[in-house]
Amino acid sequence: MIKSQAFRILFVLLVFQTMLYAQSEGMVSIKGSRYLPLYGRDSTVVAVKDFEMDVYPVTNSEYVDFIKKYPKWQKSNVISLFADKGYLVNWKSDTELKDSEKPNSPVTYVSWFAAKDYCECQGKRLPTIDEWEYAAMADKTTKDARVKPEYNAEILAWYEAPRTNENTIGLHPENFWGVHDLHGLVWEWTLDFNSVLISGESRKDVDKDNNLFCGSAAVNATDLMNYAAFMRYAIRGSLKAKYSMKNLGFRCVKDIPNEF
Amino acid sequence: MKHLKIIFSVLVMTIAFTACNSKTSKNTSEALAVYQCPMQCEGAKTYSEAGSCPVCNMDLKPVEKASKVLETNEISEASIFNLTSKWNTEEGEVIQLKDLKGKTLVMVMIYTSCKAACPRLVADMRNIEAEIPKENLKDLNFVLISIDPETDTPERLKAFAIENLMDDEQWTFLQGTESGVREFANVLAMKYKQISPIDFSHSNIISVFNTKGELIHQQEGLGVNNKDTVDTILELTQ
Numbered sequence: 001m002i003k004s005q006a007f008r009i010l011f012v013l014l015v016f017q018t019m020l021y022a023q024s025e026g027m028v029s030i031k032g033s034r035y036l037p038l039y040g041r042d043s044t045v046v047a048v049k050d051f052e053m054d055v056y057p058v059t060n061s062e063y064v065d066f067i068k069k070y071p072k073w074q075k076s077n078v079i080s081l082f083a084d085k086g087y088l089v090n091w092k093s094d095t096e097l098k099d100s101e102k103p104n105s106p107v108t109y110v111s112w113f114a115a116k117d118y119c120e121c122q123g124k125r126l127p128t129i130d131e132w133e134y135a136a137m138a139d140k141t142t143k144d145a146r147v148k149p150e151y152n153a154e155i156l157a158w159y160e161a162p163r164t165n166e167n168t169i170g171l172h173p174e175n176f177w178g179v180h181d182l183h184g185l186v187w188e189w190t191l192d193f194n195s196v197l198i199s200g201e202s203r204k205d206v207d208k209d210n211n212l213f214c215g216s217a218a219v220n221a222t223d224l225m226n227y228a229a230f231m232r233y234a235i236r237g238s239l240k241a242k243y244s245m246k247n248l249g250f251r252c253v254k255d256i257p258n259e260f
Numbered sequence: 001m002k003h004l005k006i007i008f009s010v011l012v013m014t015i016a017f018t019a020c021n022s023k024t025s026k027n028t029s030e031a032l033a034v035y036q037c038p039m040q041c042e043g044a045k046t047y048s049e050a051g052s053c054p055v056c057n058m059d060l061k062p063v064e065k066a067s068k069v070l071e072t073n074e075i076s077e078a079s080i081f082n083l084t085s086k087w088n089t090e091e092g093e094v095i096q097l098k099d100l101k102g103k104t105l106v107m108v109m110i111y112t113s114c115k116a117a118c119p120r121l122v123a124d125m126r127n128i129e130a131e132i133p134k135e136n137l138k139d140l141n142f143v144l145i146s147i148d149p150e151t152d153t154p155e156r157l158k159a160f161a162i163e164n165l166m167d168d169e170q171w172t173f174l175q176g177t178e179s180g181v182r183e184f185a186n187v188l189a190m191k192y193k194q195i196s197p198i199d200f201s202h203s204n205i206i207s208v209f210n211t212k213g214e215l216i217h218q219q220e221g222l223g224v225n226n227k228d229t230v231d232t233i234l235e236l237t238q
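Protein sequences, first through last, are from chains A and B.
The numbering used here applies: residue 1 is where the first sequence begins, and numbers increase by one.
The numbering used here applies: residue 1 is where the second sequence begins, and numbers increase by one.
Please note that the accuracy of each hint is not assured.
Simulated DEER-style distance windows between Cβ atoms [what the hints assert, rightly or not]: (1) A:E25 to B:E178: 22 to 28 Å; (2) A:K31 to B:D228: 48 to 54 Å; (3) A:K69 to B:S52: 55 to 61 Å; (4) B:K98 to A:G123: 22 to 28 Å; (5) A:E154 to B:G92: 53 to 59 Å; (6) A:Y159 to B:D167: 52 to 58 Å; (7) A:D94 to B:D228: 37 to 43 Å; (8) B:E235 to A:K69: 42 to 48 Å; (9) A:P103 to B:N136: 54 to 60 Å; (10) B:S113 to A:G170: 44 to 50 Å; (11) B:G102 to A:K102: 45 to 51 Å.
If you are wondering where the hints come from, they were derived from the structure by calculation, not from laboratory data.
Just so it is clear, CB atoms sit at the ideal spot from N, CA and C, and this is done for glycine as well.
Next up, chain A with everything else stripped away, as it sits in the complex (with noise of 0.2 Å):
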C-alpha cells in the first residue's frame, strides 16, 4: 500500500518535473540573437540570450494575490525605502482594489523594487533593458519589425491615447514571439533601467553634466529616427526605483536553463 503510494508520489513529481524544463504556464519563450540598440555598449551589437517572457503583464488581480502572500507589500505595511507615496493609490484598502478598477487591467502604481520581489517570488525576474526591446522589436510578422514605419506609427499612435493603463490586458494582438502588450498598454519596469543615462539630469539638461558621469554617456543613439524608443528611454532615465506611476506597470522573465 506504502510503496504503491510512493511510487504515485514519485510519478507526480517527475511529471511536475518535466513540466518544469518545458514551457512555463503563462509564458512563451524567445531565441536570443544579437541585435542593435538604441543605446548599446559603444553602439554596437548586443548579444541577447533565450529567455522565457510573460505573455501579458502583471494584472491587477494577480498582484492581490501576491500582496495576499507577502503582507510587506501591502501599502500600510510597505517601507518607504522601496516604495513612494503613491504605491497602490488605486486600491481602497491593503488587499482589495477600488471599485472602478477591473481585475484584468495590468497592475501600475507599483515601484521597482516591489515589481523585482514579485518576479523573484515567482521564480523569475525582471527583463533587462536589452530583452525587453528586443521582444518588443518584433511586429506580428517579423522578429525585428522596426525599419517598417508602420510598426512606428503604431506605437507612437498609442503613446497619444490617453488612459490606456484602464484596459485590459489581450486586447491587442500578439506579436512575433506570442507576446501581447508590450506596446498599446502601459510602460514596463526593466531590471536595469537605472542604466539610462542619457536623462539623469534631463531636468538641468542645459548643465554640462559631464561633471557627474564618467564613460561614455554622451548621445551616441543609433536609430535617430525610432523616435518611440527615445521615450521609453527617456522614462527609464527619469525614473527612481521607490517612485510609483499609473501608467507603469510591469512583467516578468525566466532564464531557459542551459540544455543537459
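Following the hints, position chain B against chain A.
Structure of chain B alone, referenced to chain A:
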C-alpha cells in the same frame, strides 16, 4: 501513508518558506506616539500624550518618524539597513548592511579597474577624510562599493585599499551580488551601465548616512566643493 503525508507537507512548507521571505520588517513604533511643541519652546522635550505646550500654548504635534526611531532604537523605514543583501568585505567577511549600524557612513560606488572618474572619486573621498579631525574618525566608516562584483573580488579590493593607502580601520570595501549592487544603486538613485567588458559609465555620487542608515546628504559630481559634505559629517559625528 501518514508518514508520506507528513513528509510531503514538510516539503511543501520548506519550499513555501524558502522561496521568498515574506516577513514584514516594518517596525511597530506607531504605538509609541511622541508629541512635541512645534516651536520647541522647551528644546527637545517630548510628551507621550497630545495636548498643548505649557510655554506657548500651541497644540503639541506628533514627532516625525525618524526621531521616534532614535528613541526606540529600531531601524526606520527609510534606512538602508532594511536591505537584506549580502556583501563580502575586503577582509573576506560576509556582512549585511545593518552590520555597519552605529557609525556615520560615507558611501560611494566605484570599480577598481576604472581609469577615468573613479580615481578622482576616490581622491574626493580621501580629501573628505583628510578634513575630518582624528577624534571623529572612530565614529565614521568610509564605504566603497564595487559596481563590478565580477572583477572586484575581496582580494582585489584589499590590494586596491593598500595601494591607495585606504587600509585603515575607517575604510571598508564591499563586493556584492549583481542584484544586490543594482538594488543598492537604486536606493542611492545612482545610475550605471557596463559599456565594455572592463568599463562602466556611472554617476558620481558620494552619499552620507547617519548611524541609523538614513540618507542625509548626497554630493554629486567630481571634484566639486566638498564643504557641505564635510559639514554634514562633522554634524553627524559630534
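Evaluated hints:
1. A:E25 to B:E178: 22 to 28 Å: About 27 Å separates the Cβ atoms of A:E25 and B:E178, which means 22 to 28 Å holds.
2. A:K31 to B:D228: 48 to 54 Å: 52 Å, holds
3. A:K69 to B:S52: 55 to 61 Å: At 46 Å between Cβs, range violated.
4. B:K98 to A:G123: 22 to 28 Å: The hinted range 22 to 28 Å holds for B:K98 and A:G123, with Cβ atoms some 27 Å apart.
5. A:E154 to B:G92: 53 to 59 Å: 55 Å, holds
6. A:Y159 to B:D167: 52 to 58 Å: Holds: the Cβ-Cβ distance is about 53 Å, inside 52 to 58 Å.
7. A:D94 to B:D228: 37 to 43 Å: Since the Cβ atoms of A:D94 and B:D228 sit about 40 Å apart, the hinted range of 37 to 43 Å holds.
8. B:E235 to A:K69: 42 to 48 Å: Given about 43 Å between the Cβ atoms, the range holds.
9. A:P103 to B:N136: 54 to 60 Å: Holds, since A:P103 and B:N136 (Cβ atoms, about 56 Å apart) stay within the stated range.
10. B:S113 to A:G170: 44 to 50 Å: 47 Å, holds
11. B:G102 to A:K102: 45 to 51 Å: 49 Å, holds
The structure is inconsistent with hint 3 alone, although it conforms to all the rest.
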